[in-house]
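Peer 1: Listed here are the chains, written in short residue letters.
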Amino acid sequence: MDLNEKRVIVTGGASGIGMVLVDQLVDEGAIVGVLDIDQKALLRLGGRYSSLYCRACDVSQPDSVETAVDDFFKEFGRIDVLVNNAGIVHSALLVALGPRGIVSHDIEMWDKIISTNLSSVFYVTTQVVRRMVSQRTKGVIVNVSSISAVGNIGQSAYSAAKAGVVALTVTWAKELGTLGIRVAGIAPGFTKTDTTIGSMSETILSNWIRDTPLRRMAKPKEIADGIVFILKSDFFNGRVLEIDGGLRI
Amino acid sequence: MENNLKRIMSDVLEIGADQINEESSMETIASWDSLKHMELMVAIEENFDIPMLSMDEIVEMTRFSAIIGILQSKKP
Ligand SMILES: NC(=O)c1ccc[n+]([C@@H]2O[C@H](COP(=O)([O-])OP(=O)(O)OC[C@H]3O[C@@H](n4cnc5c(N)ncnc54)[C@H](O)[C@@H]3O)[C@@H](O)[C@H]2O)c1
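Chains A and B, in that order, give the protein sequences. So in our numbering, spot 38 of the first sequence is number 38, and the numbers just go up one at a time. So in our numbering, spot 53 of the second sequence is number 302, and the numbers just go up one at a time.
Please note that the accuracy of each hint is not assured.
Non-contacting residues of chain B with respect to chain A, defined by C-beta distances greater than 12 Å in every case (computed) [to be verified]:
(1) 256
(2) 266
(3) 273
(4) 276
(5) 279
(6) 291
(7) 309
(8) 314
(9) 318
(10) 321
(11) 323
(12) 324
Within a straight-line C-alpha distance of at most 20 Å, the following computed SDA-like cross-link-like pairs (lysine to any residue) qualify [said to hold, decoys possible]:
(13) A:174 x B:291
(14) A:138 x B:255
(15) A:138 x B:284
(16) A:219 x A:241
(17) A:112 x A:63
(18) B:285 x A:133
(19) B:255 x B:283
(20) A:138 x A:236
(21) A:174 x B:255
(22) A:174 x B:292
(23) B:285 x A:136
(24) A:138 x B:290
(25) A:138 x B:303
(26) B:285 x A:219
(27) B:285 x A:177
FYI, nobody ran anything at the bench for these hints, they're computed from the structure. Every value quoted in this text rests on a predicted model; they were computed, and no experiment measured them. Don't be surprised by glycine CBs; every beta carbon is placed ideally from N, CA and C.
Based on the sequences and whatever the hints tell you, model everything.
Peer 2: Rendered as structure tokens:
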């Protein structure tokens with residue numbers, strides 16, 4: 001796909017990997033809409049590009065998603081690309097034995113991680129694909145999964161959500177391929193964003209770096225490059241591109 | 250037009266063209282499910298070079314005879 005003039009929605013594009021991706025998409029000539037829950041970050045981003053469509057949206061809420069996607073669609077007339085990038089991390093053991101006795105994984109956090117990282121992908125994609133189908137748009141969906149999708153200690157909810165994202169990717173590629181809509185995923189390894197650095201102790205982080213054959217974290221640009229590669233590669237479909245420096249967890 | 254439609258249906262629904270007749274419908278052809286229906290509609294639009302079908306037409310076109318009827322109404 002040539003991205004010039006393409007109408008693209010990036011969820012969670014106001015910071016981290018999503019924000020770097022937005023830069024690249026704008027450079028490619030795409031018309032980009034960013035749906036993000038962080039209004040301040042959206043304002044900062046909107047200040048950089050006057051052409052950017054910045055829209056506050058909680059992707060874990062179906063109503064919020066429907067209105068935001070519909071508004072973008074009405075403004076730009078079609079949607080060619082969706083990148084489901086918004087996500088949050090949470091680390092907790094299923095059951096932890098510590099100074100406070102036996103502590104189980106918080107159920108509210110389970111629900112929040114699943115709804116923000118997995119249900120959101122379902123909500124946004126449903127709204128986007130029904131518009132693609134109605135206009136016979138041969139579009140592309142990219143879902144951001146994670147190296148943790150195979151199961152990472154201390155990340156029950158996050159790992160399950162990201163594994164779910166892989167399953168949705170494969171399912172939708174099978175369902176939508178005959179309509180010319182491609183669906184693919186990307187599974188980043190540890191990537192140097194504020195969220196990742198802020199969510200782990202220095203020791204844990206340096207252990208992960210030590211276990212990574214390339215002995216470093218990914219730069220957000222390297223993940224964004226992978227997403228752009230998927231968008232441009234017309235035969236890349238139903239697969240998840242792993243960009244993790246060779247790390248296996 | 251009938252033969253052309255049979256060929257398209259045979260390709261999309263993966264059945265022999267000789268198994269398709271005037272009476273064929275989503276009820277009589279097992280492989281014609283909602284997923285195949287979308288694919289069939291897009292294939293019909295592309296092969297007959299007609300403008301995008303409306304939702305009402307897509308809902309209506311679940312029988313061979315109804316498809317022919319709608320295609321005929323679109324003939325220039
Ligand atoms: N950074 C990593 O190490 C890493 C590794 C693997 C996968 N990932 C995945 O990559 C994606 C981006 O991660 P990042 O590191 O850039 O994170 P980030 O925190 O920098 O960016 C995530 C963005 O999503 C937004 N967001 C969060 N909840 C939202 C909601 N409910 N509705 C709308 N927007 C919401 C945030 O406001 C933020 O702008 C996530 O899906 C993450 O799980 C990241």
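Peer 1: Hint by hint, say whether it matches the structure.
Peer 2: The hints, checked one at a time:
1. 256: holds, 17 Å
2. 266: Nearest chain A Cβ is 19 Å from residue 266 (chain B), so the label holds.
3. 273: For residue 273 (chain B), whose nearest Cβ neighbour in chain A is about 20 Å away, the distance exceeds 12 Å, so it holds.
4. 276: holds, 22 Å
5. 279: With a cut-off of 12 Å, residue 279 (chain B) remains clear of chain A, as the shortest Cβ separation is near 18 Å.
6. 291: Per Cβ check, residue 291 (chain B) is inside 12 Å of chain A; nearest 6 Å; violated.
7. 309: Given a closest Cβ separation of 16 Å, the condition holds.
8. 314: Its Cβ never comes within 12 Å of chain A, the nearest being 24 Å, so this holds.
9. 318: At about 22 Å from chain A, residue 318 (chain B) clears the 12 Å cut-off, so the statement holds.
10. 321: holds, 22 Å
11. 323: At roughly 16 Å from the nearest Cβ of chain A, residue 323 (chain B) sits farther out than 12 Å, so the non-interface label holds.
12. 324: The claim holds: residue 324 (chain B) sits with its nearest Cβ about 21 Å from chain A, beyond 12 Å.
13. A:174 x B:291: holds, 16 Å
14. A:138 x B:255: violated, 25 Å
15. A:138 x B:284: holds, 16 Å
16. A:219 x A:241: holds, 16 Å
17. A:112 x A:63: holds, 16 Å
18. B:285 x A:133: holds, 14 Å
19. B:255 x B:283: Roughly 18 Å separates the two Cα atoms, so the pair holds.
20. A:138 x A:236: Given pair residue 138 (chain A), residue 236 (chain A) holds - Cα atoms ~14 Å apart, limit 20 Å.
21. A:174 x B:255: Violated, at roughly 25 Å.
22. A:174 x B:292: holds, 17 Å
23. B:285 x A:136: holds, 15 Å
24. A:138 x B:290: holds, 15 Å
25. A:138 x B:303: holds, 18 Å
26. B:285 x A:219: Since the Cα atoms of residue 285 (chain B) and residue 219 (chain A) sit roughly 42 Å apart, the hinted pair is violated (cutoff 20 Å).
27. B:285 x A:177: holds, 12 Å
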